[in-house]
Every structure is written in structure tokens, then in C-alpha cells.
Amino acid sequence: MSVEDELRELLSRDDDYTVPDLRAGILPQLGSQTPRWRLTPSAVVAGVALALVLVLGRAMLPTTNNPPAATAPAVGNATASPGMATEAPASAAPSASASIEPSAAPSVLPVVTTPPGSLGMDALATGTLGGARPGGGVCFWIEQGTTRMALVWPYGFGALDDPLRLVGPDGQDLARPGDHVELGGGALPGEIPPRPEDDPCGLGKVFIVSGVATVNGARSDVGEGSLRLVTREPGTSAFCSSTVQVGLMLVMSESSLRVQLLSSGDIRTATWPLGFTAHPGGRTTIVDGSGKVVMTQGVEDPTVRARVTASGVDVCGFRDAIYP
Amino acid sequence: MSTGPYTESPNAGNEWARIVRLDTQMNEETLVAEARAGSVEAFSRLIDRDGAVCYRLCFAILRSHADAQDAAQATFVKAWRQLPSLRDVSAWSDWLRRIAVRTAIDTARHNRPRMVWLADSDAAQADPSVALADRMELEAAFVRLSTDDRAVLTLRFYLDLELPQVAAALGVPLGTAKSRLHRALQRLRIALEAVP
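Line order of the protein sequences matches chains A and B. For the first sequence, numbering that gives the first Met the number 0 begins at 0 and goes up steadily by one. For the second sequence, numbering that gives the first Met the number 0 begins at 0 and goes up steadily by one.
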């Protein structure tokens, strides 16, 4: 067979790959309005207007059993200090916004990971993910033909069992044995044998993963950086004393931790007080410098003291507490 | 015409007709013309229609799913922005292909170098009639070529384009495309010999 024919055959195999959904990555960049179900400012205004009509209408009915005052308090303002400016009533209106208790998350099994803050390498390994539970532990490997390399994952990664699968820092399923994966990272030079604790399956070769690029052709881009918080430098939080309480929820979006504004549904990047860190688990938590959990992924908090700008959200504290 | 409170506004009727028209089989030229006029819906359908071809072309050149996804998405974003400049709507496919090739080449230049490459085991095992080792060698040799070489080989041997179309997709004269293809094949053979 000629080189040309072999090349034809090689490239035609690409057709077997699953094509990822491209629209989601394209449409937001088009600069035009696309039909989306989301809470826009005009919708909020319309909703408030409708609510006022309903409330006033009820209040004017002599037979109503609901005094107008019963509908007035906004949950988000319940803990506001006297004289403190508060978020617009519309944003605090949902009465269920006080908190949503996280459902019981399955316990995450530890996998071999790098220490937090490790530098990642830039190679790319492509192959099939393998996994096993030797002696109750967990090991994953990447396989190409008969070659296997044990995988050391970024800090925050873990595994779940039944069936065995890899989970990211926020507990989301990333991949399962048998999946085709592209992993960023780098292999240890051949002359350096891996430590037994880094190679629980005893494969003799280790690939240190800095991030999961794709799984079965779909973009993933999850790595330790997903849990890296941007914190403010000392002396740059003077604005915090004039911040108001804002309703926020910690979310994982575009492979990084962000905050969602409860008032509009917008998701934005956040800067945090110095010393704040994110910790993996069934749900990712934000912990302050003293080790206290201050936010939990997926739990709405209407009492966050923060400054909201066009570019992001500067978190300063919670309720009446402002971090230096 | 219906009367009374259930009469639909003329605008609602137009909107309904427009949606029906988009949801039925609109031909490529109509979709392109609508998209060029600013219809995101029409452009979305072009993405659905041509996204896979675009993605596979980018993957053939880049040999990375992550990069191919980036390049395919960037291709459509560029296409959307440049659509007003597309005079002949019937040239959409060729025009999009040209943007995709250019974008894939740019993506390869801007992205990180590949230090490790493991051939895909599933694809390698798909056809037992061809030796796994041979296929891995070819893959390894192909990856070692420059992006420009991979692009010209992809257009010729993956998309099976004739040389004038290859030249058009690369935006070069026919003679240049011919010599590029010749040199790329030469380098592929050399790279094959160099594979350990």
C-alpha cells in the first residue's frame, strides 16, 4: 500500500470520533441576541411590577386574609445592619433563597495527587483510561496498546465507586475506565522509577496529570487550577467598608469556581479576601484564613458583603463581618 | 380570516411562518443568506450542518481533540463576523473550509508544543488487517510534520480535494499547492523512515 493510501486510511479513522457540541462554545461569542431563558433586568422589573399589582390588589380587597405586611420582608435583608444599604428588593425576593441544604454526597475515594500549587507540565497524553481498586485503594492509568502509565492527578481530584470513575475537584464525574482521554501533563523520565505510593498498581511508569483536556472528544479542561482562587493583595480592600449585602451562590462554571448573582443569574469571576482557599469534596467549599467554611458550592447565601462590577465580584465578607 | 379576540397579529403570523421555514429543510444558500442578514437561528443550523466536517478537518490537521474543538469554534466565530463580506452565498462551503484551514494552522502555531504523543488505542485496534505498529508509525510521522504540511496532506488525502480546490483552500496559487503537496509527501516519507 502506498504512503498516500495509508494516509487516507489513517485520516479516515478520524470519522469514528464523536464530534463535541460546538454550538455552546460559538453562540455566546456571536454578539447577537440568542433566545435564552434567563432572568434579564427587564424581566425582573416586569416581575416586580406584576408582584406589586398583585400585592396592592390583594391589600385593597376587604376580604383578604393576608395582610400586606406579610408579603413585604425580603429574606436577603433580614440580617442587614441598620442604615446599611441593601440589595434591591427584586433580587432578594425569592423566599427560598435563605439556603438550600446540600444533598448527601457520596464519599470521595482518595487517588494519588500532586500537592496543591504544583507546577503542571505541558505534554499531552492520549489514550484509554484504565482503573482498578488494588487492596481497597484506587489507581488509574492511561493505556495505549500494551503500554500503561500510572496517573498522578492534580490536587483535589478523587474517585467514586460503583462504578469506578474519576471525579474532579468539585465532585463532578470526569471519566470512567474505557473512556478515551487527552491528558495534559508530563511523564517522569524513564530513568527515574516512581515511588510505590505514586504507582499503587505497580506499572513502573507514571504520567503526572496537570489537567483533563478532553473525554471521549468532549472538551473538559479540568485541572487543579479549577480550585485556584484569586485573592486580593493586602491594603487593597478599602472599598469593602461601603459594600452592601448581595445574594451569591458558589458555582463551577467553565471549569473554574465562580459566583452566581442571585438577582440576575449572571455568573462572574470573583476575587476573595487574602487567605481564602477552596477545598474539594462532594461540594467545594470556600474556607477563610482561620479555617472556617464561609461558602459551599450550590448553596445560596443572600448575606455576602461584596462589590459587583462589570468585570466581576469582589467578595469582602459575610453579614456584618468584613475581612481585612 | 378569523375575527374577534382570537385573531393573531400579523406579526405573530410572520414569526410563525419564519420559524416553520427555518425548521424545515432550508437549503444551504437560504441559510447562508439569512445568516448573512444577521439571523443567529440560521447560523446555528449552519453550525449543526457543517460543524462535524469542520471539526474533523481541524482534528485531521491538529491531531488533538481539544485543539480541534477550539479551532472549529473559532472558525465559526470568524465566519459569523466575516459573513457580510461573503458575496456569493453558494461559495459558503469552500469559504468556510478556507477559514477552518487557516484557523487550524494558527491554532497550532499559538498552542503549546506536544512533547508526548500516544496513538489512540481504540482507533488503532479498529482494523486488524493493518498492522498496529505500521499505523502508529504513520501517525507518529504525520504528527512530526509541520502544520502546513499536515494541512495540505489533509486537504488532498482526507477531503480528497483536487489540486485547484486544495490551492483555493490554502489561499495559494495552483503551482504553490502542487509543490507544497509534493514536498509534504517527501517529508512524510522521510519522517516515516526516522520513526524508531
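The hints are simulated quantities; they were obtained by calculation from the structure and are not laboratory data. Among the clues, some could well be false.
[Stated by the list, open to error] In silico SDA-like links for lysine to any residue, alpha-carbon gap of 20 Å or less: (1) B:177 with A:26; (2) B:77 with A:186; (3) A:204 with A:193; (4) B:77 with B:36; (5) B:77 with A:22; (6) B:77 with A:204; (7) A:204 with A:230; (8) B:77 with A:27; (9) B:77 with B:41; (10) B:177 with B:192; (11) B:77 with A:239; (12) B:77 with A:26; (13) B:177 with A:3; (14) B:77 with A:193.
[To be verified] Per the computed footprint, the stretches of chain B lying under chain A, defined by three or more beta-carbons under 8 Å from a beta-carbon of chain A, are: (15) 52 to 62; (16) 91 to 99; (17) 137 to 151.
Every residue, glycine too, gets a C-beta built ideally from N, C-alpha and C.
Status of each hint after checking the structure:
For the given pair, residue 177 of chain B sits about 37 Å from residue 26 of chain A by alpha-carbon distance, which is inconsistent with the 20 Å threshold. Distance check on the hinted pair: residue 77 of chain B and residue 186 of chain A sit about 36 Å apart at the alpha-carbon level, beyond 20 Å; violated. Of the pairs offered as hints, the one joining residue 204 of chain A and residue 193 of chain A holds, with about 7 Å between alpha carbons and a cut-off of 20 Å not exceeded. Note on residue 77 of chain B and residue 36 of chain B: the hinted pairing holds, with a Cα-Cα distance of about 16 Å set against a maximum of 20 Å.
Between residue 77 of chain B and residue 22 of chain A the CA atoms are separated by roughly 14 Å; this keeps the pair inside 20 Å, and the hint holds. Restraint check for residue 77 of chain B and residue 204 of chain A: not satisfied, since their Cα atoms lie roughly 42 Å apart, outside the 20 Å limit. About 37 Å separates the Cα atoms of residue 204 of chain A and residue 230 of chain A, which puts this hinted pair outside 20 Å; it is violated. Proposed proximity of residue 77 of chain B and residue 27 of chain A is supported: the alpha carbons are some 13 Å apart, at most 20 Å.
For the hint pairing residue 77 of chain B with residue 41 of chain B, the CA-to-CA distance comes to about 16 Å; that is within 20 Å, so the pair holds. With a C-alpha separation of about 23 Å, the suggested pair residue 177 of chain B and residue 192 of chain B falls outside the 20 Å cut-off, and the hint is violated. Distance check on the hinted pair: residue 77 of chain B and residue 239 of chain A sit about 41 Å apart at the alpha-carbon level, beyond 20 Å; violated. Simply put, residue 77 of chain B and residue 26 of chain A have alpha-carbon atoms about 12 Å apart, close enough for the 20 Å limit, and the pair holds.
With a C-alpha separation of about 15 Å, the suggested pairing of residue 177 of chain B with residue 3 of chain A holds against the 20 Å cut-off. Of the pairs offered as hints, the one joining residue 77 of chain B and residue 193 of chain A is violated, with about 46 Å between alpha carbons and a cut-off of 20 Å exceeded. Counting residues of the segment 52 to 62 of chain B whose CB lies closer than 8 Å to any CB of chain A gives 5, so the stated coverage by that chain holds, three being the minimum. Figure legend: the segment 91 to 99 of chain B, annotated as covered by chain A; annotation inconsistent (0 residues with Cβ-Cβ distances under 8 Å, at least 3 required).
Coverage of the segment 137 to 151 of chain B by chain A holds [criterion: at least 3 residues with CB-CB distance below 8 Å; count 3].
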